[in-house]
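Residue numbers (this note's numbering), protein chains in the order written: chain A, 104 to 428; chain W, 537 to 829.
Worth double-checking, as some hints may not be accurate.
Unchecked claim - Counterexamples of contact, computed for chain A against chain W with all Cβ distances above 12 Å: (1) Glu215; (2) Phe321; (3) Leu388; (4) Ile397.
To be verified - Computed, partial: chain W to chain A, Cβ under 10 Å: (5) Phe573; (6) Phe578; (7) Phe654; (8) Ala655; (9) Ile661; (10) Asn662; (11) Ile672; (12) Gly694.
No wet-lab data here; the hints were simulated from the structure.
Bear in mind the structure is a predicted one, so any value in this text is a computation, not a measurement.
Note that the Cβ used here is the ideal one computed from N, Cα and C, for glycine as well.
Read off the chains here:
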Amino acid sequence: MKKKNKIKNTKKNILITGATSTIGRMVTEQFYFDKRVGKIIGIGRIDKPYYFNDYSPSRFTYMKVDILKYRELHNLFISPEFRDSNINTVVHLAFVEEVSRRDLDPHTLNVEGTKNLLDMCMNTKGIKKFVFKSTIYVYKLKPNSPAIIHEGWDLNFDPTAPQWIKDRVDADMLCRSAMENDRIDIVVLRFPHIIGRNINSQMNIYLNQRIVFKPMGFDPIINLIHSRDVVNAIQYAVHTKVKGVFNIKGRETAPLSTFLRLNKRKVIPVPPFILSSINALQWKLGLTDFYYPINKDFLKYSCVPSSERMEKILKFTPKNHVRFG
Amino acid sequence: MDEKQRKLVRKIAERLLPREERERLLSLKDQLIDEGFGYDKFGFEPESALAYYLFFNLLYKYWFRVKSEGHKNIPPKGRAMLVINHSGMIPIDFIMIAIDVMKNANPPRIARGIVDHFAGALPYINLFIQRGGSVIGSRENMEELLKADQLIGVFPEGTKGIGKPFSQRYKLVRFNVGFVELAIKYQAPIIPVAVIGAEEQFPQIGKIRWLGKLLGFPYIPVTPTFPWLGLLGLIPLPSRYHIYYGKPIKFYKRYSPDSAQDPELIRRLADHVQKIIQEMINQGLKKRKSIFK
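Just chain W, same shape as in the assembly (with noise of 0.2 Å):
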């Protein structure tokens, strides 16, 4: 964005959102670290951001009526990894939450999103994912940013998680173990967070393979109403999100630097962390009344 284009957003930010949640959104600039023209060296800028907010609380706010809990156990500053559940084909989820944490959390922050590979490759998208703050999940961009104390979003699932068929739905994935590594590497705490209403957004019932390779995507879904409604198909079903934010756990006290080496122990810690978010989906499924309340 040039000058004017940023003035613009601002403007209609300080049209559209209330004085204080307004105030928060831009106390957010401070948690840049700028190389000199707006942007950190991942390609993200603040006022684009800001931008998003502006269109996705609505979708918060009216269209997924987000309900969320346990913000206090997000760390006010430093490293921190959240570890999500997958789910709902086009990664909603992890919008949503990114806009609670801008919305809820004491101070706002960012979340970084880790984005899976195949989206740097995708003309716009990958603009999309780096002006908002999120980056290709390579181990270096993880590493870089940790080392930035920087409050990272990661789904150790993977793309396997986003595209479970309905059948499958919030039964997790066996997690990925590159997170723990880097948690006990860089001392950084996971806070585990349960989404519930993703798997409902888009009802998978299959998968085209060939065309997504054609397309550059892992696979194309199918849903009751995509492809066969076109565009219009994309329009995910309006269930109510829940977001729960667990407690901290810091595998850092316990284990050295060294001991992220250990394949074993890793790949019990990943398992242990996935218990507990299975945990969290599990009891937060049983409170909730209905995919729309």
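Same shape as in the complex, but just chain A (with noise of 0.2 Å):
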């Protein structure tokens, strides 16, 4: 007999960072319309955007709080709207998916952002939980990958990685060293592409380019995964009495090349040094948003998460295919 998954009859308080992204929105809905969920409290680096003015204050709070700026940070945990809604569950979002966004030092949010959430996490007594969405591309591919990639396979630790894999791994890291302690779950979800509308994924991009250049003698078997997908396995880590690192399978796996046909692109096949030097020019010229230098590895070898800890422990399925052309 199948064991079913332990929900707490508690109900579950939860802290969105990042709220106003495109997944931060969508998981903010699934929430507001999940009865096992309390009240939300869902926070950006914006004013209060349109789109949550619909929802009801009894059981959703927004807030403008800059995660970089400890003292606003501090101010959140501590204010009455925070310690009324009783947060137990933290849910953080808030992290720079463009490359070309210059507004911001996307390290500073990205790995100063989690050091302080995790640390103000950590002393607030109530916060029993805190989920962390990070990505494949925190894993490093080599041609003697396997092609099933699990959660203990090697982290790109390399120093002339860029930088935007470098965050990725630090706040990963920043996470795994934080599961020590007992009184938090953490629960960090590493999930392969994105692809969804307004998903502003590298994949996104790169399969939704006019003309796609791709690399000559190389057609990797890579994992998709629908944003509806995403936001259900971040609800059932927030429901589920689990912890520690899982892959996250997308319902679509098969070669670069199947999915750009079915998105009915035009191919063309370059060696590898003349596609980053494409790129480069691309890129400097704002025809692009799809960085060569962060994908040219999974570009070239297969990357397929494990879904074994997510069918076994998380117990997790995803539903959604993703919709080409």
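Grab the two chains, each in its own frame, and use the hints to assemble them into the complex.
Listed below in structure tokens is the structure:
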């Protein structure tokens, strides 16, 4: 007989960072209509967006908080809204996805912000769970990497790796090192390439370019996840009594060329060393947001996240297919 | 491949192959653990394997005129490990075994070759390997395949085996031990396989290591015809292949999975398998009348 996930009767009161991002907005909506969730506080770096106006103030509060500013974060944690909401779960989504954003130092938000938030959660008694949205970009891919990547696979500590990747590895490591504590269940979810409307993941950008340059002689097996399943996985992580690192595997696994064909893109195979020059030129001219240096190994070597822990421990199964074309 | 290309391959197979052979090959599709687009998670695509079969079967039948025996030793289903002696500069030996297993094993099976690390970095070659069902030789890949009850083909001599000088032909290089460890841990029978004939296809007389490193290979071999005749020098000598499948060795019946952690035991068992294969090779060589017969 199948064991059912242990779901506590007590309602989850959730703090969501990065609530104004596409995934943040979807996560907020999902939890808002989730009967197992009590109160929600969404935080972001901008003023309250219009799409949160429809939510009842008795269940949802939006606060403009910059998690980089320790004082602002501290004020949030001692605010009456926070105390009255009895926040017991934190979902950390505040992470800069774009490579090209120049208005802030991504490293500061990605790593310092995560550190500040973790510190604050450690010092706040009521918080029992911390869920962090990580990515498979933390893994180091090599020609001899296994096709299926388990959670224990080498992280990319290459000193020459782009800052974008280093940030992700640093933040992931911060969460992992905090897992030693007994009080908070820290869950790190490593997602594959996220696909969906308004999602600015690197693969989403790559697959939607009008003309796609592909490394010649390589066609790795990649895994794509629908943004809706990202939200569902976060919901599972919040409600299930689990902790640790989990790879999340999406429903679509196929060679890169298959997805490009399904998406009806014009594909031009070029030798990898030329591809980096082409991308550098496109990048400088502002013609693309796709940044080859962070993707070069992912466009050459297969990387399918293992679903073993996701299925056995988290008991999550992705349900949504990605739509192409 | 897109759907059109897949249909084309099936159509060509229909025209070129006798019905029984075609049906055997098409039944291999049932062994695919499809991830949804006609590929498994390692990149194996049955239609690509079928296309390779159509080409390499010609080499199998007319060039190397392969003779084989002992197919009944290949388990009809479940995880198993073909442990093979490696030879011949280019790994045609495994391609011939894969064709032979598709042709003669009952029921036909896909033999999933475990390929050396460097091949993963080689453009097109990595694709050829993946689509045909082989995988790069990382321990994790082998474990995944065994967990999925696949038939895998390993060469415990590694590239040292394939790169032996001609004077050392049919003398096995000491086996690596990892295959025994996995066979015990995952309770997979080991089927010793001896290949005779591949050593003569490219008699190696030297190696150019610096050029190999430059091109991403362990070395560039020198034979009486290569590189002197350019690409023509890569045409193998049509020596006849003899493939012998030995009786399955089931270490897991005698040793518990914990024994896989004992390095001395694993070493001893790997040497034991090596001895069996060397014996099979010696017997095969005695039976052989000439390299072409």
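Hint-by-hint comparison with the structure:
Listed as outside the interface, Glu215 of chain A is consistent with that label: its C-beta sits roughly 34 Å from the nearest C-beta of chain W, beyond the 12 Å cut-off. In this structure Phe321 of chain A is not separated from chain W by more than 12 Å, as the shortest Cβ-Cβ distance comes to only about 6 Å. The beta carbon of Leu388 of chain A sits about 28 Å from the closest Cβ of chain W, which is more than 12 Å, so the claim that it is off the interface holds. Remark: the non-interface label on Ile397 of chain A is consistent with the geometry, its nearest Cβ contact in chain W lying 19 Å away (cut-off 12 Å).
For Phe573 of chain W, the suggested interface contact is upheld, since its CB lies about 4 Å from the closest CB of chain A, less than 10 Å. Hint on Phe578 of chain W holds. Least Cβ distance to chain A is approximately 5 Å, under the 10 Å limit. Interface restraint check: Phe654 of chain W against chain A, minimum CB-CB distance 7 Å, threshold 10 Å, status holds. The beta carbon of Ala655 of chain W comes within 8 Å of a beta carbon in chain A, closer than 10 Å, and the hint placing it at the interface holds.
Hint on Ile661 of chain W holds. Least Cβ distance to chain A is approximately 8 Å, under the 10 Å limit. For Asn662 of chain W, the shortest C-beta to C-beta distance to chain A is roughly 7 Å, which falls under 10 Å, so the interface hint holds. Contact between Ile672 of chain W and chain A, as hinted, is supported at the beta carbon level, the nearest pair being about 6 Å apart and thus within 10 Å. The criterion of a C-beta within 10 Å of any C-beta in chain A is not met by Gly694 of chain W, whose closest approach is roughly 13 Å, and the hint is violated.
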